[in-house]
Amino acid sequence: MSTYLLHADKRLAAEEKQTFMSNAPTYEIDLKAFWRDPYPDLKAMRETAPIAYVPQLGATLLTKRDDIFVNEKLIEYFSSDQPEGLMTVLMGQNLMRKDGAAHMAERKVIFPAVSPKAVKTVWNAKFEELTKEVLQRVKPSGRADMVRDIAMPISGEALKAITGLTNMKWQEMDRVSQGMIDGCANYAGDPDVEARCHDCTASIDRHIDEMVPILSETPDMSLLSVQLQAGLSPEQYRANVKLAISGGQNEPRDVIAGLIWTMLTHPDQYDLIKSGQFTWLNAFEEYSRWMSPVGMSPRRMTQTYAVNDVTFDPDDRVFLMFGSGNRDADIFEKPDEFDMNQDCSASIAFGAGPHFCAGAWAARSLIADFAMPLIFSELTGLHIDGPVEFGGWAFRGPLALPVAWDA
Amino acid sequence: MPAISVTWVLPDGNSRTADVQEGHNLMEAAVSNGIAGISGDCGGALACATCHVAVLEGSESAKTCGEMEDDMLDMVDGERSETSRLSCQLIASSDLDGIVLRIP
Ligand code: HEM
Ligand code: FES
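Line order of the protein sequences matches chains A and B. Under the working numbering, the residue at position 45 of the first sequence is numbered 45, and the numbers go up by one with no gaps. Under the working numbering, the residue at position 73 of the second sequence is numbered 73, and the numbers go up by one with no gaps.
Don't take every hint at face value.
[Unchecked claim] Among the chain B residues that face chain A by a calculated CB cut under 8 Å, a handful are:
1) Asp41
2) Cys65
3) Met68
I should point out that these hints are in silico values taken from the structure, not numbers from a laboratory. Owing to the predicted nature of the structure, the values given are computational and were not obtained by experimental measurement. A virtual CB, placed ideally from N, CA and C, is assigned to each residue, including glycine.
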């Protein structure tokens, strides 16, 4: 690709700035354009430099599906423990930033709160109730922003239940989640962003402190409660609740709104659901492949290691680009199209290793069993009512989706 | 390391048999033998349920799943059966020699 060749000389300059980087070819991006739509650059990388160093991100990107699928599992090389990383510094060392036995021990503790069984026996009833409540609230107005007024409260209310922070408002849930995400992406070190992130984690700590005595008295299946029951330390349960909030609010929100938009703009695909040929779960899985809500997960190299013809050095920063792997033309028939007729089972939207999304079962059920069917059945005549824009590469979804229906 | 014989019955009715070194789990064995329908996304961390099999022939212990595994199997794709297992939890040992697994 021309960009790649053009910037071969710039690589030397980048090498001088950045001491820890692999010998991968350099691929330059325009950060703003990448944020608006990362897919053209990711496609160019897959075709010309599938493992590329991107100086604007200060990281080496794995962009092919199989490279990610194979290497994510090699935790002795691709470590999740990033003590200097912003997430650990700002939010504490949660289980997503641990490896091996330490990671598995905490996964095991939170398992009863997020297992398929818990979803079926505990959360589904809650999901149905809260989705109906949100829809009853907006229904009379006849119009709304699908992202802010419908998807966000559904996601926020569900996360309040799962985390155990039922004392939080859904608006606050979204605010603290976004504040932490922004803090973790604040590579430029903007002091305002950092201050906002501290304010958000402090708010979560206050809400946790309020709930601890209540949940100690009356334990339940929430994430906070199962960690208290297992005797995890305050550092551990605080960090893991923050992780669930930073990693469990925006994705369901973005999938609900994004999938509504997809159905309204692909009527032929919506017909396949209405006719019963495909299920909402099929739509969920194909959407998550096509417009992966989590585009990336970072790793740190522990030792020298070669993948194909690229050699990584210890402490190299590596980004596993799930969103890119999910559009790999060697794996998927129509990578750039939303089409439920294709086989999307090789999708890595939930990750491809031991850090496989803990909330996957809850998210699938909330969205496929409740949010999607109820939004369409409650809001008859649902249609798009204004301009729609998508954004993001690490997290991606519609920024706003104005809709209207027959009130 | 001695090896055991493992057979997978595929959804189309065909079957495949392979030797598996003792100590390896049967999800890894399926993936390295290219058995379609077993992808093992989480690498055996009991998180993804993409390694679901039903034990057609095998010992009682091979047909009995652990507690976490049981909770995971509550929502696997495809029908759950009496002898459903997550094959990343089945470790090849002489006890499992000749086991027959169905891919749902
Ligand atoms: C459609 C919705 C969602 C998507 C696409 C998604 C995607 C992901 C991805 C890609 C990862 C990283 C996996 C890796 O590095 O291999 C992850 C991790 C995680 N997610 Fe989700 N997620 C979703 C919803 C949720 C929800 C609702 C929750 C909370 C209840 C949640 C909690 C977590 C946790 C705790 C982790 C860390 C797991 C670990 O490190 O072991 N996620 N998710
Ligand atoms: S490989 Fe993920 S549960 Fe078996």
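Taking the hints in turn, this is what the structure says about them:
{"no.": "1", "hint": "Asp41", "result": "holds (6 Å)"}
{"no.": "2", "hint": "Cys65", "result": "violated (12 Å)"}
{"no.": "3", "hint": "Met68", "result": "holds (6 Å)"}
Of the numbered hints listed earlier, the single one contradicted by the structure is hint 2.
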